[in-house]
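Participant: If you want the building blocks of each chain, they are given just below.
There are 6 protein chains.
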Amino acid sequence: MIITARLTFSAAHRLHNPNRDEAWNRKTYGKCDNPGGHGHNYGLEVSVRGTIDPDTGMVIDLKELKDVMRERVIDRVDHRNLNEDVDFLRGMVPTAENLARAFWQQLAPAIPHGQLYEVHLQETERNSVSYRGEDE
Amino acid sequence: MIITARLTFSAAHRLHNPNRDEAWNRKTYGKCDNPGGHGHNYGLEVSVRGTIDPDTGMVIDLKELKDVMRERVIDRVDHRNLNEDVDFLRGMVPTAENLARAFWQQLAPAIPHGQLYEVHLQETERNSVSYRGEDE
Amino acid sequence: MIITARLTFSAAHRLHNPNRDEAWNRKTYGKCDNPGGHGHNYGLEVSVRGTIDPDTGMVIDLKELKDVMRERVIDRVDHRNLNEDVDFLRGMVPTAENLARAFWQQLAPAIPHGQLYEVHLQETERNSVSYRGEDE
Amino acid sequence: MIITARLTFSAAHRLHNPNRDEAWNRKTYGKCDNPGGHGHNYGLEVSVRGTIDPDTGMVIDLKELKDVMRERVIDRVDHRNLNEDVDFLRGMVPTAENLARAFWQQLAPAIPHGQLYEVHLQETERNSVSYRGEDE
Amino acid sequence: MIITARLTFSAAHRLHNPNRDEAWNRKTYGKCDNPGGHGHNYGLEVSVRGTIDPDTGMVIDLKELKDVMRERVIDRVDHRNLNEDVDFLRGMVPTAENLARAFWQQLAPAIPHGQLYEVHLQETERNSVSYRGEDE
Amino acid sequence: MIITARLTFSAAHRLHNPNRDEAWNRKTYGKCDNPGGHGHNYGLEVSVRGTIDPDTGMVIDLKELKDVMRERVIDRVDHRNLNEDVDFLRGMVPTAENLARAFWQQLAPAIPHGQLYEVHLQETERNSVSYRGEDE
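Residue numbers (my numbering), protein chains in the order written: chain Z, 1 to 136; chain L, 1 to 136; chain E, 1 to 136; chain P, 1 to 136; chain A, 1 to 136; chain X, 1 to 136.
It is worth saying that the hints were derived from the structure and are not from the lab. Incorrect hints may have been included.
Unchecked claim - Here are the computed distance ranges between Cβ atoms for each label pair:
#, chain 1, residue 1, chain 2, residue 2, range
1, Z, Gln115, X, Thr51, 21 to 27 Å
2, A, Asp21, Z, Arg20, 26 to 32 Å
3, A, Gly133, Z, Lys27, 53 to 59 Å
4, E, Glu134, L, Gln105, 45 to 51 Å
5, A, Met92, X, Glu125, 45 to 51 Å
6, A, Glu125, P, Asn19, 52 to 58 Å
7, L, Pro112, A, Ala23, 32 to 38 Å
8, E, Ala110, L, Pro112, 55 to 61 Å
9, P, Met92, X, Arg90, 52 to 58 Å
10, Z, Met92, A, Met92, 53 to 59 Å
11, P, Glu134, A, Pro109, 32 to 38 Å
12, P, Lys31, X, Ala108, 44 to 50 Å
13, A, Gly133, Z, Asp87, 55 to 61 Å
Given the structure is predicted, the values throughout are model-derived calculations rather than measurements. The beta-carbon is built from N, C-alpha and C at its ideal position, and this holds for glycine as well.
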């Protein structure tokens, strides 16, 4: 049984690798490398896998899961600049892929071992990523 | 190949375990334990897995799948109180998790053996569960 | 200029006029008259009309508008039974039409005179109502 | 007859009035005043009003309307910082209200006189504005 | 008070005026003039305006409104070719504008005089039209 | 890590197997066998699986993935008749299942070996299929 909670946040970012030159960045990221940045309304879905507790009828208390999501991710990235303002994203190009993996790493320690199943991050109506801890 | 049909229904429910006391229920279910109940527009997605019939180009006739969904689930829960009105939910706390598993059990006998792949139940824009028959 | 805020709530209701007999109720409301009730995820959109304040660039502070919506409507109807639990809905059949007008009446005193423009209530993917104070 | 085209763009912005002090800005804009900015996926709907051309069956060629929207608005704001990068937004706090009015002013000269009916700007799932040229 | 019902249908169409030559059609309709046609999932929203009946709490019985929509429009256009199969669309280029007006004309006689308020037709995520009987 | 791009197209089709008689076709496909065809707005989601490139922070360049989708699928099926106009669909009943597999076969050669993970095709709000290359 997999249970999923969805929350949203709005943030600015710029896709830019400071270790590479301007030409490489422009070629790699195109308009996403705009120096003033751009931004998105992100949809964050976190899925937990487990068995149904026969007493509560629940796999996990969704209210507690959302509290974890808010405390460890949403409250630290909402209405922020993902390149500058977020400690756990320092030194990272804030692509959807890197964000999803970084969010997983923030969430995993607060969720019973082995239960975190997937972090799904919707960047626009047309782009999304799913991370299941594959290459940690 | 997986093929998915989506139907919706509207129902009332109350999260309350009558075998536990009020304090436990209030702590466990919070506002979802409101005695008068509350309700949702549920989205029910049923997925079937199979190979494409070369004659029809279909894995399953979606019209037949929806007829099964209507007869075995939708028509019995739509515009109902899930705590009181539905025979196959008796004695069960109607959490999204328990509903998804109960719907699977209603649907499975009417679908060719091994083809039912997933029951996905959307409770709100922010909560959903997926059940694949794992712990039957 | 019209500015709109959207919030959601989940509630149970039963369409039933206690002043009329069962036959009338069944004929008028059909399955919506189910004695145990049913429920919905409602989407509530409140629109305010005004001019842009040249200093703030805003018609109204959306955070304040949402606080009014939560205090006067959402917190009193969310996870409630609209027939039984809500003081300002007493004695009223909780149709979408009656709800929209009742919400307008709760909201209007807290919004500068003449600025409340529309209460839009989405009951399902297929049903909605809009009220602009026409027949008060 | 009203016909509406919808396009989207992603941009960063900060709500901040440089003519007022920090305390005023923080009180007025809250977390939207974050110095590093934040961002959104905006949905822009432009509506044109007219009669149906009996020859074409169209009020306006939607492809041409979208070309105007792209040339005059979308291509200048997409993947941009609305405080810094857009000439026609200079000196303006980029609230949804100010954006909608500024977009109207960009679009109106390219649409037959009197036909532009509404600019609707969706900032998040919860916030939107509509402008119909009222106070020009 | 305005109440709105939404139904969907899927149909094929080709934008082509047989009274004009190929060059005109290609220039006017572009890829929508493809001889084999193309198609859409249409969303049809019909809005009725009226006062709340104090007995029922309703402006109109939505079930009856949907029955009218199905009988007079949906059942005649769903899974049809709008250029060839629909009697009330004969001799008309099936643009969204012409469809909305034709649907209004089908619906109006079945709705109490003066109550039909708007026919809104969504052709794609990006295109829609609204008709309020303006130029009848 | 899985990354997904979504594009849309609008097309006409008819479900009809010319090797079977009318009775079989009518029984199998029902109203989808309408001789004049019908149509849909399709949503096409293509998912690619891979590891994050530490230099770019990306699994794949989404712009390149969308270019492949446009060149190999979207531009050949958008505003087309799927029974008549598309070379790679010749001789095939254009069910959602057959389309998803055919799109996979068009896309796979243009994506690094083993990385194409899923083709998801949404036909209506109620019908979708997912193909992961299972029975090639």
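Participant: Which numbered conditions among the earlier hints are violated in the structure presented, ordered from lowest to highest?
Facilitator: Per hint list: 2, 5, 6 and 7 violated.
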